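**Student:** The lines below spell out each chain.
Number of protein chains: 2
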Amino acid sequence: MRSALTLLCASILVLPSFAHGQDAQSGIAEVNGKWMASFNSGDGAGIAMLYTADAVLLPPGSEPVKGSEAIGAFWQGSFTESGASIELKQVELETNQNSAIEVGSYVITGADGGHADHGKYIVWWKKVDGSWKLYRDIWNSSMTP
Amino acid sequence: MRSALTLLCASILVLPSFAHGQDAQSGIAEVNGKWMASFNSGDGAGIAMLYTADAVLLPPGSEPVKGSEAIGAFWQGSFTESGASIELKQVELETNQNSAIEVGSYVITGADGGHADHGKYIVWWKKVDGSWKLYRDIWNSSMTP
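Going down the list, the protein sequences come from chains L and V. Each step along the first sequence adds one to the number in numbering that gives the first Met the number 0, with nothing skipped, and position 138 is 137. Each step along the second sequence adds one to the number in numbering that gives the first Met the number 0, with nothing skipped, and position 117 is 116.
Just so you know, the hints here were simulated from the structure itself, not pulled from any lab data. Because the structure is a prediction, the values reported are computed rather than measured. All residues carry an ideal CB built from backbone N, CA and C; glycine is no exception. Some clues are possibly wrong.
Non-contacting residues of chain V with respect to chain L, defined by C-beta distances greater than 12 Å in every case (computed) [to be verified]: (1) E91; (2) A110; (3) D111.
Chain V is faced by these chain L residues, among others (derived, beta-carbon under 10 Å) [as the list claims (entries may be wrong)]: (4) N31; (5) G60; (6) F73; (7) Q75; (8) S98; (9) V122.
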């Protein structure tokens with residue numbers, strides 16, 4: 000009886016969950032696109048909006064930065080080299096109901112077109128009021144200091 | 000009809016899932032205990048066993064290190080200061096069926112008892128053949144270089 004019900008549950012739940020996975024993939028890709036555009040135009044306030052209100056940024060060489068407002072200020076303060084641009088590339092994504100984990104890599108190109116930095120990141124995403132937002136964000140450079 | 004079935008599914012599924020969360024919490028705490036013990040005794044092979052065979056380590060200042068064997072060698076090579084000890088502290092844990100995400104902090108104490116380093120990490124865990132193992136592992140120092 001219990002296993003028959005479990006099978007029934009599976010048939011009811013698997014299809015929406017598959018659709019949800021696709022929705023998460025495209026929703027997160029869209030936010031990553033906005034994140035890159037905000038970074039590349041030096042728009043700290045634009046980046047801040049992509050994080051949950053209670054997000055925590057975990058940057059190298061800094062204590063954790065708590066809350067989307069402080070996170071926006073952090074990024075604004077990092078735009079020291081005008082004209083630098085970042086490219087994020089997703090390597091893996093696992094999605095659950097209102098949560099996702101992403102592993103990716105980044106490359107930063109300097110204003111002169113030269114290679115400035117590259118490294119990797121993990122972002123823990125949360126779906127808040129129907130929108131995917133960065134909840135925890137950690138990265139480090141792969142280059143030797 | 001569908002919502003009645005969903006309620007029924009919930010009552011069947013919630014209890015095991017809650018129990019699973021507790022199991023994950025204690026299982027991961029146990030592995031973190033072994034990880035610290037291996038680190039503190041300079042046992043790279045012991046650390047390697049705690050990662051999935053296809054794990055990827057994402058260390059600062061290094062390209063990703065792929066596979067538990069290479070990860071063991073990485074840690075073995077990092078035990079340059081004999082007598083240093085690490086303490087991991089879990090800050091957050093979200094568990095799903097065979098996957099979990101953990102945010103934490105670390106403190107490294109030097110052989111002389113002084114503060115050597117502190118920072119934060121995110122680990123993506125996977126449950127493989129009933130055992131929780133580190134699947135993706137990234138961290139960075141909070142200290143200014």
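**Student:** All hints are to be evaluated individually against the structure, with a verdict given for each.
**Tutor:** Cross-check of the supplied hints:
Not every beta carbon of chain L lies more than 12 Å from that of E91(V), the smallest distance being close to 8 Å; the non-interface claim is violated. Listed as a non-interface residue, A110(V) keeps its Cβ farther than 12 Å from every Cβ of chain L; the least gap is roughly 23 Å. In this structure D111(V) is separated from chain L by more than 12 Å, as the shortest Cβ-Cβ distance comes to about 23 Å. Violation of the interface hint for N31(L) is found here, the shortest Cβ-Cβ separation to chain V being roughly 17 Å, above the 10 Å cut-off.
Because the beta carbon of G60(L) sits about 5 Å from the nearest beta carbon in chain V, less than 10 Å, this interface hint is met. Contact between F73(L) and chain V, as hinted, is not supported at the beta carbon level, the nearest pair being about 13 Å apart and thus beyond 10 Å. For the restraint placing Q75(L) at the interface with chain V, the shortest Cβ-Cβ distance is roughly 19 Å, beyond the 10 Å limit, so the hint is violated. Look at S98(L): its Cβ gets to within about 6 Å of chain V, closer than 10 Å, so that hint holds up.
A least Cβ separation of about 9 Å between V122(L) and chain V falls short of the 10 Å threshold, and the interface hint therefore holds.
When the structure is compared with the earlier hints, violations turn up for hints 1, 4, 6 and 7 and for no others.
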